[in-house]
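Q: These protein sequence lines are chains R and F, in that order. Terminal number for the first sequence in our numbering: 881, no gaps in between. Terminal number for the second sequence in our numbering: 1113, no gaps in between.
It is worth saying that the hints were derived from the structure and are not from the lab. You may find that some hints are simply not true.
Unchecked claim - When the alpha-carbon atoms are kept at most 35 Å apart in a straight line, the in silico DSBU-like pairs for lysine-lysine are as follows: (1) F:LYS1085 with R:LYS64; (2) R:LYS246 with R:LYS546; (3) R:LYS650 with R:LYS518; (4) F:LYS1094 with F:LYS1039; (5) R:LYS747 with R:LYS234; (6) R:LYS787 with R:LYS92; (7) R:LYS660 with R:LYS549; (8) F:LYS1039 with F:LYS1085; (9) R:LYS332 with R:LYS302; (10) R:LYS348 with R:LYS747; (11) F:LYS1085 with F:LYS1074; (12) R:LYS64 with F:LYS1074; (13) R:LYS64 with F:LYS1094; (14) F:LYS1072 with R:LYS64; (15) R:LYS724 with F:LYS1074; (16) R:LYS234 with R:LYS332; (17) R:LYS660 with R:LYS650; (18) R:LYS64 with F:LYS1039.
Nothing here was measured: the structure is a model prediction, and the numbers come from that model.
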Amino acid sequence: MIPWSRFRSWLNVTLGRSRMENEMEAELRFHLEAYAEDLVRSGFPHQEAMRRARLEFGGIEQTKEQCRDEWHVNLLDSTLQDIRFAVRTLRKRPAFTFLAVLTLALGIGINTSLFTIVRSVLLSPLPFPQPDRLVSLWERSVINENPYNEVSGGIFEDWQRQATSFSQMALIGEDSANLSADGGALPEAIGTRFCSYNLFSMLGAQPVYGRPFSADDDRAGANPTVILTYGIWKRRYAADPVMIGKTIRLNAMPYTVIGILPAWFDYPDRRVQAWLPVNHEVSTQDMHNRGNHRFFVTARLKPGITVAQARTELDGVQQHIHQQFPDALIGKGANVVSLAENLVRDVKTSLIILMAAVGCVLLIACLNVASLFVARSATRGKEFALRTALGGTWWRLIRGQLTESMLLTFSGGGIGALLAFASIRWLVAFRGELPRANSIHVDQNGMLFTIVITIASGILAGLLPSLSSTRGELLEPLKEGSRSIRGGQHRAQLRKLLLTVEVALTVVLLVGAGLMLKSFEELRSVRLGCATGNVLTMSFTLPDAKYEKPFQKAQFFEELLARVRSMPAVNSASAVTVLPGNGHFLDNTFTVEGRPPLLSGQFQDVVIRGSDPAYFATMDIPLLRGRYFTDADHLQNGNAAVITSSMAHKFFPDEDPLGKVLLIDWDGNPRFQIVGIVGDVLSNLNAPPEPTLYLPLNSGRFEYGSLVVRSASDVTSLALPMQKEIARMDPDLPVSDILTMEQIIGKSTASAMFDASLVLFFAVLALILAAVGLYSLLSYLVTQRNKEIGIRIALGAQRRAVLQFMLLEGLRPVLIGLLIGLIGGVISAHLIRSALFGVQPLDLTTFLAVALLVLAVAIAACLLPAWRASRSDPMVALRCE
Amino acid sequence: MSKQLDLLQGTLDMLILKSVSLGPLHGYGILLRIQHISKDRLEIQQGSLYPALYRLEQQGWITSDWGESQNKRKAKYYRLTAAGKRKFLTEAEKWNRMADVIAGILRTSPEEV
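Pulled out of the complex, with its shape left as it was, chain R reads as follows (with noise of 0.2 Å):
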């Protein structure tokens, strides 16, 4: 019964919205005119008893608003009305809301993507069963203090055997692989790893067709198997389910394809795209060295179990190892971190800096924009006031703010989500090396994260203007009558501290851009040491299976270079092994010869690269003494050795290098003398240069290589003739990576830039806010005070005076934002340190420089309105009373 009456009374009042208005004021009239009727009855004069009635009663139209908030509709529909009002006005300033739009559309839309990549790639938890479970084991360098240093074979065993902590250990080793050319597709090079046997079972991976490996697989001498990504299978076999139990030619041998990965199992990197049993990969021999690091291991924790103990427990193992053999090359403890924070560890610092300044981007959004209602708040303060009068309540009115401020944040939020779409894409896609790729895309907590910061930005933005209005306050302008300071002096004062903080986040911003750039510049400018411009290089890998013998190996090298050298526009063509620039890669422990032995428990450690006798001159790497390789240095003759000046002062300072033997510790324990010292190359850009040993690359010791040619022309138009010659010598041999050195450098600083133009380009972004923010608020207390100025003109103020004043009152808040803000910039710079390459965190120049632009820009923005001041006509800002 009453939900039915209910529902009709709101049912008439929806569908009859104008009847009820009617019905209300004839019924209000009706009152006031009995009460009036009995007023002139009891003896009143009929004007008076009119008067009489009305003041009574009370507010009329308040009445009436009160009435129509008892009917439930007048939500509903005063929030449309809000709407329309707040379109119309918004629409008479297109100015102020395409910048505000725009700015909140930039601010979410950032935030967003970031927050998506963020939550991929830090939060969210691996998509293993137990996630938290899965641990990533290192040992403890003995040679430096590198804490994630990588296993050796034996190691692994040795752990297998007495550490307690985990339930299972699963060894993981990189590599890549030749393809051979199958079914029409071209022959390439891809990124492999070997695992152990139970990798997939401890991880909780089902491969989604075929098997995983079984122990069978995963020995010596078992029949070759190979399990592929869901990638490769989609990309080179069309997906083919028909792939399980064929044939594909790995490095010149065959594989049995048993099993394909399912489509989100992109660990460790998505760069992976097949997998291999180590024990048929790796000789025996080096699965039980534990001087040979060079794997990785993944171990489940046994339940209740933490990570701290197993890490307590393991080094225990490890240094129990490390006292057994003293002398061995083997880690001095041992190392447990979650593999979640394991994959991570690269890109963790620079992601939390991105979010933070995006963060501070959308704060500042909001400010402008709430700063932007403050003074849009003075002009309508008249109109606040009469609609005050004439029965808005206080809420009212700030609700009437606060549709206007969702309407834009809401707007921008729409098109802030489209952005975020779009930019996720391209983030990823710069940011390639990104752990965990394959988890990233917007999904229905990226768009409830969008909403939450739509909604919390419309809020803010809505609800700051109002601090600036109180109750009391509204009805003063209309008692004031006309232009007052008192009124407009409260707004002022809040839009004075908007801009400081705007001022402030702006200067924290400029300052980490400021240093982030100057660092990228830095590594920008490290000279690698050798040529790099118009130099183009390419890599292969000569499979075993073909190139087994040492003569095999130089000869294709030799022949391969001398096709090259006789390429027309070639100006010197050579080949090395690993190139500057591109990591360490390859390092080996070494003792010199006649010298007594190294103390119990110390190393002598070099960087190991083999090259062609060319090579030097062919990159001006500067020969320092000596002489470089020559044709002779050759196969079993290859035992010369070229040192860098850096291994020369640390492993021989007090005495001539030239003509010692060093022994390296290989198999047979190789001799190689020393006959030229180079020049340093750096093989990071963002490390001092490694100690580097060259041995003759024609020594047939070495199966990889990359060729580097210079030419007089454009370099780049050598690489199809040079893929034509390669495939003319091995048709089945994949070449990768054909990159110019720039191109190389340009890699290793990708990320640097990619981040500090980010950076940059919201601080920029929140300059132009703040200089738009000061130079409106400017001019609005200019406007303010013309009276005031006005009179001072009269009186004989200097108009320099009157610049000067106007000025300083512009720039106050800028002073404190700009002071707040370089307090802040010291603090994010000691936050962001780690990723600071060559910089600094208190980098005086930045600072200064950051100082200075903001200062200028401030003065800028603040000396039209101020100058405007000064040329007032005296005349006319009193007329205007």
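Knowing the structure of chain R, use the given hints to seat chain F on it.
A: Below, chain F without anything else, positioned relative to chain R:
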């Protein structure tokens, strides 16, 4: 005339229900009736009557029709619904109990504690 009392929070609804329970009345009539019954001892802001009427109608305790007033003018008449009658009885009962309790407390002399 003795000093008028301000209306207690929430009692206006009850007074309106009581007034219209005695027969259909328009808004002004309700005001007059309350003043009459209370012998002008209650102060009611005239304007506050209407939001209360609209609220009670929304809740279904009263319903309204347009009729003619004594001086032949169109007026909106309110009367009690069946639900309104029940509501009024429970409210009145509650109020009386409350008034008794409060009065009892206020009457209490020191010896009785």
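Q: State for each hint whether it applies.
A: Do the hints match the structure? See the list:
1. Proposed proximity of F:LYS1085 and R:LYS64 is supported: the alpha carbons are some 27 Å apart, at most 35 Å.
2. Only pairs whose Cα atoms come within 35 Å are accepted, and R:LYS246 paired with R:LYS546 is accepted, the gap being roughly 22 Å.
3. Between R:LYS650 and R:LYS518 the CA atoms are separated by roughly 31 Å; this keeps the pair inside 35 Å, and the hint holds.
4. Taking the CA atoms of F:LYS1094 and F:LYS1039, the gap is near 24 Å; set against the 35 Å cutoff, the hint holds.
5. Annotation: proposed proximity of R:LYS747 to R:LYS234 holds, straight-line Cα distance about 27 Å (limit 35 Å).
6. Distance restraint check for R:LYS787 and R:LYS92: the Cα-Cα separation of roughly 28 Å lies within the 35 Å cut-off, and the hinted pair is therefore satisfied.
7. A hinted pair counts as satisfied when its Cα atoms are at most 35 Å apart, and R:LYS660 with R:LYS549 qualifies at roughly 29 Å.
8. Between F:LYS1039 and F:LYS1085, the direct Cα distance comes to roughly 24 Å. Compliance with the 35 Å bound is thereby established for this hinted pair.
9. This hinted pair checks out: R:LYS332 and R:LYS302 have alpha carbons roughly 24 Å apart, not beyond 35 Å.
10. For the proposed pair R:LYS348 and R:LYS747, the alpha carbon gap of about 19 Å is at most 35 Å, so the pair holds.
11. Simply put, F:LYS1085 and F:LYS1074 have alpha-carbon atoms about 26 Å apart, close enough for the 35 Å limit, and the pair holds.
12. Taking the CA atoms of R:LYS64 and F:LYS1074, the gap is near 19 Å; set against the 35 Å cutoff, the hint holds.
13. A hinted pair counts as satisfied when its Cα atoms are at most 35 Å apart, and R:LYS64 with F:LYS1094 qualifies at roughly 31 Å.
14. Among the hinted pairs, F:LYS1072 with R:LYS64 is consistent with the structure: their alpha-carbon atoms are about 25 Å apart, no more than 35 Å.
15. The hinted pair formed by R:LYS724 and F:LYS1074 fails the criterion: a straight-line CA distance of about 103 Å is larger than 35 Å.
16. Simply put, R:LYS234 and R:LYS332 have alpha-carbon atoms about 44 Å apart, too far for the 35 Å limit, and the pair is violated.
17. A C-alpha spacing of about 14 Å is found between R:LYS660 and R:LYS650, which places the hinted pair at or below 35 Å, so the restraint holds.
18. Taking the CA atoms of R:LYS64 and F:LYS1039, the gap is about 29 Å. The hint holds against a cut of 35 Å.
Consistency note: the structure conflicts with the earlier hints numbered 15 and 16.
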